[in-house]
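Taken in order, these protein sequences are the chains called D and V.
At position 104 of the first sequence the residue is numbered 104 (the numbering used here), and the sequence of numbers has no breaks.
At position 76 of the second sequence the residue is numbered 76 (the numbering used here), and the sequence of numbers has no breaks.
Hints may contain errors.
All copies of an identical chain are treated as equivalent in the list; a pair is satisfied when it fits inside any one copy or across any two copies.
[To be verified] With a straight-line Cα cutoff of 27 Å, these simulated DSSO-like cross-link-like pairs (lysine-lysine) come out:
no. : residue 1 : residue 2
1   : K10       : K203
2   : K153      : K216
3   : K201      : K14
4   : K270      : K238
5   : K216      : K57
6   : K201      : K10
7   : K153      : K268
8   : K203      : K153
9   : K270      : K82
10  : K268      : K14
11  : K10       : K187
12  : K10       : K153
13  : K201      : K81
14  : K14       : K187
15  : K167      : K153
16  : K270      : K14
17  : K167      : K238
18  : K238      : K82
19  : K81       : K153
20  : K10       : K82
21  : K57       : K14
22  : K14       : K81
Calculated directly from the structure, the hints in this document are not laboratory data.
2 protein chains.
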Amino acid sequence: MTQTTAKQSKMVGKQSVQFSNPPAIIGCASVAGQKEGEGPLGAFFDVIEEDPMFGQKTWEEAESKMLGMAVDVAIHNAGLKKSDIRYLVGGDLLGQLIATSFGIENFEIPLIGVYGACSTMGESIVVASMIIDGGFADRTLAITSSHFAGAEKQFRFPLAYGNQRPKAASWTVTGSGAVILGHEPEKDSEFAKQFSPVMIKVKGITIGKIVDYGIKDSLNMGACMAPAACETIAQNLKDFSIQPDYYDRIITGDLGMIGKDILIDLLKEKGYDISSNHMDCGIEIFDSEAQDTHAGGSGCGCSAITLTGYILQKLRKRDWNRVLFVPTGALLSTVSYNEGQSVPGIAHAVMLESC
Amino acid sequence: MTQTTAKQSKMVGKQSVQFSNPPAIIGCASVAGQKEGEGPLGAFFDVIEEDPMFGQKTWEEAESKMLGMAVDVAIHNAGLKKSDIRYLVGGDLLGQLIATSFGIENFEIPLIGVYGACSTMGESIVVASMIIDGGFADRTLAITSSHFAGAEKQFRFPLAYGNQRPKAASWTVTGSGAVILGHEPEKDSEFAKQFSPVMIKVKGITIGKIVDYGIKDSLNMGACMAPAACETIAQNLKDFSIQPDYYDRIITGDLGMIGKDILIDLLKEKGYDISSNHMDCGIEIFDSEAQDTHAGGSGCGCSAITLTGYILQKLRKRDWNRVLFVPTGALLSTVSYNEGQSVPGIAHAVMLESC
Chain D
1 MTQTTAKQSK
11 MVGKQSVQFS
21 NPPAIIGCAS
31 VAGQKEGEGP
41 LGAFFDVIEE
51 DPMFGQKTWE
61 EAESKMLGMA
71 VDVAIHNAGL
81 KKSDIRYLVG
91 GDLLGQLIAT
101 SFGIENFEIP
111 LIGVYGACST
121 MGESIVVASM
131 IIDGGFADRT
141 LAITSSHFAG
151 AEKQFRFPLA
161 YGNQRPKAAS
171 WTVTGSGAVI
181 LGHEPEKDSE
191 FAKQFSPVMI
201 KVKGITIGKI
211 VDYGIKDSLN
221 MGACMAPAAC
231 ETIAQNLKDF
241 SIQPDYYDRI
251 ITGDLGMIGK
261 DILIDLLKEK
271 GYDISSNHMD
281 CGIEIFDSEA
291 QDTHAGGSGC
301 GCSAITLTGY
311 ILQKLRKRDW
321 NRVLFVPTGA
331 LLSTVSYNEG
341 QSVPGIAHAV
351 MLESC
Chain V
1 MTQTTAKQSK
11 MVGKQSVQFS
21 NPPAIIGCAS
31 VAGQKEGEGP
41 LGAFFDVIEE
51 DPMFGQKTWE
61 EAESKMLGMA
71 VDVAIHNAGL
81 KKSDIRYLVG
91 GDLLGQLIAT
101 SFGIENFEIP
111 LIGVYGACST
121 MGESIVVASM
131 IIDGGFADRT
141 LAITSSHFAG
151 AEKQFRFPLA
161 YGNQRPKAAS
171 WTVTGSGAVI
181 LGHEPEKDSE
191 FAKQFSPVMI
201 KVKGITIGKI
211 VDYGIKDSLN
221 MGACMAPAAC
231 ETIAQNLKDF
241 SIQPDYYDRI
251 ITGDLGMIGK
261 DILIDLLKEK
271 GYDISSNHMD
281 CGIEIFDSEA
291 QDTHAGGSGC
301 GCSAITLTGY
311 ILQKLRKRDW
321 NRVLFVPTGA
331 LLSTVSYNEG
341 QSVPGIAHAV
351 MLESC
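Chain D with its partners taken away, still in its complex shape:
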C-alpha cells in the first residue's frame, strides 16, 4: 500500500481519500433497545433501554431521546463538555431527519445533517473525518439512529397491523451509535482508560456512488444494497492497490444473509475473494432463529451500534488491526416505492486501524 505524507495528495484513485493526519476516535457510545440487548452483541452496548418508548409519547420522540442519549454518553465517555464538540454530523431514516434534529437541538452544537439511508454511519464518519483532517475542527461527533417501530411506520406498516414479513425481510435495529473524532483521547477520560495505549484511527475513506440494479423488492433490501457494497469495496481495494487480505475484516452494514451471499459472488466476479474475512453487522446483531429476525438486522443503528459497541472493542484488543467498515443504504421512500421506482443502494467505506 502506498504511504502518503502530508505533502502528497490526499486523493487516492477515483473515489478515495488517504488522510495526512488520520483522525482518531476519542469517544464513542452505543444505546440499544431490549431486543438488541438480548442478542449476541448485547454485552457490548453501553446502554440497553427496556422501554421501547424511551419514556416518550411517540416512536419519533423515542428515537430522538435515544439519539440524544448516545450523544450524551459519548461526550461523557470522552471526558468532554458539549461545547468541546465543534460540529455534529448526523442523520437518520425518518423523513426530514426529525429524529436527529429534535434529538440534538438541546446540545446547541452546529449541525451538518446527512442522509445516506442505512449507510449514514459511514457517511457521517466520512464527513466528520474530513473536517478533522482538513483542520476545520478539533473535534466532531458523528451519529445516527434507527428505531424498529418508527421505521416500520415510516417505510412499511404500522405495528398494530401485525403483518407477516417475508423471509428476505430484515428487522430494523433500535439503536443509536455515536463516535467522537479528534486528535487524541482526553487524558483520564473513560475512553482513554479503556482504550489506552491503543489508538483507533480513520486512515482513509471511499465515498460511494449510487448503484441501481433495478431491483424493486423493498422487502429484500440485502439484494438492493449488495451491488453498491460490491462497488465501494472493489473501488477501495483498487484505489489503494490492496487485496482483501489487507483487512482483518471487511464489515458491511446490514446486507443480511441474502445480501451477504450476493456480495461475495459479485466481488468474486471482479476477482476479489472476501469470503474468509467478510462480516455483516446485520447478521451479527441478532440470533435470527431465536429472535425471529429473518434475513438479519438493518437500519442506521445496526452498523452504528455494532461499530461503537463491538468492532471498536475488537480493534482495541487488537483481535483485528485493520477493518474496512462499509455501511450500506437502500435509497427508497414510500413515495418512490409506490410510484414504481427501483431501490438503488449506496455504501461508504471507512478504513479503521489500530495504532
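Chain D is fixed; fit chain V onto it per the hints.
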C-alpha cells in the same frame, strides 16, 4: 478582519472556518419553472421549463429530472465531463432525498447526501468547499432542488384540494441550482468566458445550530427560521470580528416579508443593523402582488437559483464584492407537525467574494 495564512488555524471563533486556499466557483447552473421564469429574476436563469412535469409521470420524477438538468448544465458550462467531478454534495426536501438520488444516479458521481431543509444550498456548499480546501478533491458539485407541487404534496395538501393559503405562507420555488467548486475555471469554458477576469471564491463559512423558539405554525416558516438566521449571521460577524457593512449584501434564503422583519429586529437586539444591506431570496424571486405568492418564495430551490442565476452575476459585475449567503431551513415533517412538535430552524452561512 483577520487575515489567515495557510499556516494559521482555519478555525475562526466558535462556529466558523476561514479557508486557507479558498475554493473558487468554476461552474454553475439554474433551472427554473415557468412561474419563476415569469418573476423579477426570470432573465437570469439558464433554463426555464414551461412543463411543470418536466416530461415525467410524477411530481417527484419531475423534480429529479430538473435536478439532473442542473447538474448537466453546470458540468457543460464549466467545460467539464461528469467524470471530472470527484464528489457530489446535495439533497432536497422530499423524504429520504428521493429527488436527489433518482436525479443523479445516472451521473455515477460519488454522493454525499445532505439535508438542511431549505438551508440545503448553504449546507452543500459548506461541505463541498471543505472538501476542496482540505485537499480531498479537485472539483465538487453542490446541488439542491425543490418543486412546488412535490413540496405541497410532501408537506401540506395535494394541489387538487385547492386549499386557501394564509398570508404568512410562502410559495415553494420550482427550481434547481448547482455550483461547481474547484481551484480555477477551465480555460475556454463558457463559465470562464462569462466570468473572467473575475473569480468568485468561498472565503469562509459558518455552520449553524438548530434554533427553536417554540413556534408551531408551519404556514409561517419565516417566523420559524428568522431566529436561526439571526444566530448564524451574528455568529459569523462575531467569529470574524466584523460589522454588517463588511458585506455588500447579507442574503437570507427564504424568510419572506414576515421573517425579514423579525430577522432585522432580532439582530438589532444583538447590536447589529443589517436593514440597509439585507436581501432575502424569497422576496426577490417573485412579485408577491402580481404572482399571488403571499409572504414570498421558499424551498431549497429558492436560494439555490437566486444564487446561481442572480447573485453570482452581481458578484461577477462587481456590483457587489462581498456577499454573506445564508440559506435558511425549517426543520419539520408532517409527522413532527402532526405530533405537535415545534418548527425549529437552521441556517448556514457562506462568505462569497469577488477577486
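> Tell me, which hint numbers fail for this structure?
Replying inline: 7, 8, 12, 17, 19, 21
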